[in-house]
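K.L.:
Protein sequence lines, in the order shown, are assigned to chains A and B. Quick note on our numbering: the first sequence kicks off at 42 and runs consecutively. Quick note on our numbering: the second sequence kicks off at 7 and runs consecutively.
Hint data in this document are derived by calculation from the structure and do not stem from the laboratory. Keep in mind it's a predicted model, so treat the numbers as computed, not measured. Everything hinted at is true.
Derived list of chain A stretches under chain B, where covered just means 3 residues or more per stretch with a C-beta under 8 Å from a C-beta of chain B:
1) 113–123
2) 150–156
3) 374–388
Which chain A residues face chain B? A few, computed with CB under 8 Å, are given here:
4) Met161
5) Arg164
6) Asp336
Backbone N, C-alpha and C fix where the C-beta goes; we use that ideal spot for every residue, glycine too.
Residue-level listing of the chains:
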Amino acid sequence: MADVLTGVGVSPGVGYGPVLRLARSVPQPDADARHSGDDTAEIQRAVQAMQDTADDLSARGERAGGEARQVLDAQALMARDPALSDDVRRRVGEGAAAERAVSEAMAVYREMLAGAGEYMAARVADLDDVRDRVLARLMGVPVPGIPESDTPFVLVANDLAPADTATLDPELVTGIVTREGGPTSHTAILARSLGLPAVVACPGVESIPEGTQLLVDGANGEVTSDPTASDVETLRAAASARAAAVAESSGPGRTRDGHPVPLLANIGGPADLGAAVANGAEGVGLYRTEFLFLDREHAPGHQEQVDAYREVLEAFPGGKVVVRTLDAGSDKPLAFLPPMGEEPNPALGERGMRMGRRVPEVTDAQLRALAEAQQGTQARLQVMAPMVTDAADAEWFADTAGRAGIHDAGVMVEVPAAALRAHHLAETAAFFSIGTNDLTQYTCAADREIGALGRFQDPWQTAVLDLIAATATAAGKADRSCGVCGEAAADPVLSCVLVGLGVTSLSMGATALPLVRAALAQATLEQCRRAGAAALAERGPGEAKRAAREHLPGLADLGF
Amino acid sequence: MAERWVKVASEVGLHARPAAQFVEAASTAAGDVTLAKGDSSPVSAKSILAVMGLDVRNGDEIVISSDGEDAETVLDRLVEIASTA
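Chain A on its own, in the form it takes in the complex (with noise of 0.2 Å):
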């Protein structure tokens, strides 16, 4: 009987080969070892290794490029710490072998950054890794990393370091599955650059033995040990005929009996543009505006702003473009913003909208700038306020945008108070965007960045999805568009469960677009709304997913 853990599929795919785990044990020095008498000697041999290991860590991070290149850089300079390397010295100079100095000296500054908090969490680790990789040196023992191998395997790790991301020969892995990270973890990273299927967040891979054939499916985060024959031949015609019905669906988005769903892109700037035209995105569901503003210190200009805007609206000739207004607040400052008050609660506090509010002046030039930058394209030209409250916030940004121009102006819908109101909201909003991610956080009160909370940052969560419900059947009867255009829009079941809970339209990464083009393809209107009407019924997330996956039978062939 094949065991089957649960993870977090982070890089679709199938993987199947024995397990290899990463190497990362380095013996630790004795508590009292001490050298033969010569200090200079062993100093010099301390400080060698360290030099070497920063050398070493440079020259990965030279390979690896990218993010993981700014992580190995910092481990660099850590190895290379003059406060460090004088703190081994002392210590040498006192007696101590070089691995006793080092690996005391390091405990020293791990103490140190454990009690800075969470935060720095991740900072432990690297410093961890940078310790075993200087020992390792000393002792003559293999730097810790990844396993020799001549035949293919499926890498067994509790995390992967950016160090390892430059040994990783993808021709050997044909998967990989961590017991800890996330979808941002340096695993999910690489991985999805080097295109391999990978899990994450998968407790229990620790304890299946080395040599355990293992199969991995990097969509649904599922890791069977010891499949059958059959199992493995299931789970690969799936993922083809996922790739088949990816390549097969293009065009606009629509549900098998024809009922059209517009698949917009989420963009940060014009430099996502490319991708989302790439992926057949019909418009712009969520223009997040701030890139033009971060980092400076006066907001930027009238024409500044014009070209960005139209830069968007014209790749778009006939979709839609639906720009959010700057979103700043406590957790992501202005210099240009009157400074806030302190504010312990950030996610509570004046962000959006409600900063938009205070510095009217910003919000009006940003309004300005769009409608001029509409003018001579043939894009539509939409615009929204985030953190909309109540009925008096979504009056005020309607008013406003009206007296710059644009008359299309409508709400995000993230807040809960806003979502059980939205009737209210829609007599003066033209249209919602319903931000899960956001709705999700405050719906179930759960901070977005704390891991240890994941089981509430999930949209299948049923209050979140009784509020979509609320949303979007309030815009219907008032005649209005309900787009969604948070994480969930991404899920291809629950894509289809949204649409057959009303929302008109979906947004989302455009990488997302082909795999929920394809998933609408295979469910008709009326499964969508059984679907949806299902997941409504049950009490909690795993129970939601499989009561809408029972009315959904067409993307069962695809392996969701």
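Assemble chain B onto chain A, guided by the hints.
P.N.:
Just chain B, lined up with the frame of chain A:
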């Protein structure tokens, strides 16, 4: 001895990349460069471990001092790094 006060604007404080940039810039200085936050005693700005150990966050005020011949230039550069969002 030159000294500067600066309010840290980097979103992640002096952690991760800004910390590395800060330490790399400080390491080019001829003399000593120190960094202090609040009432803490100053630490070497050339030590990434000491700088990260201070746990400087967005909005914290820090004092940077240097005694080298190039103190003014080095401090200008460090203030720029710390005050960039």
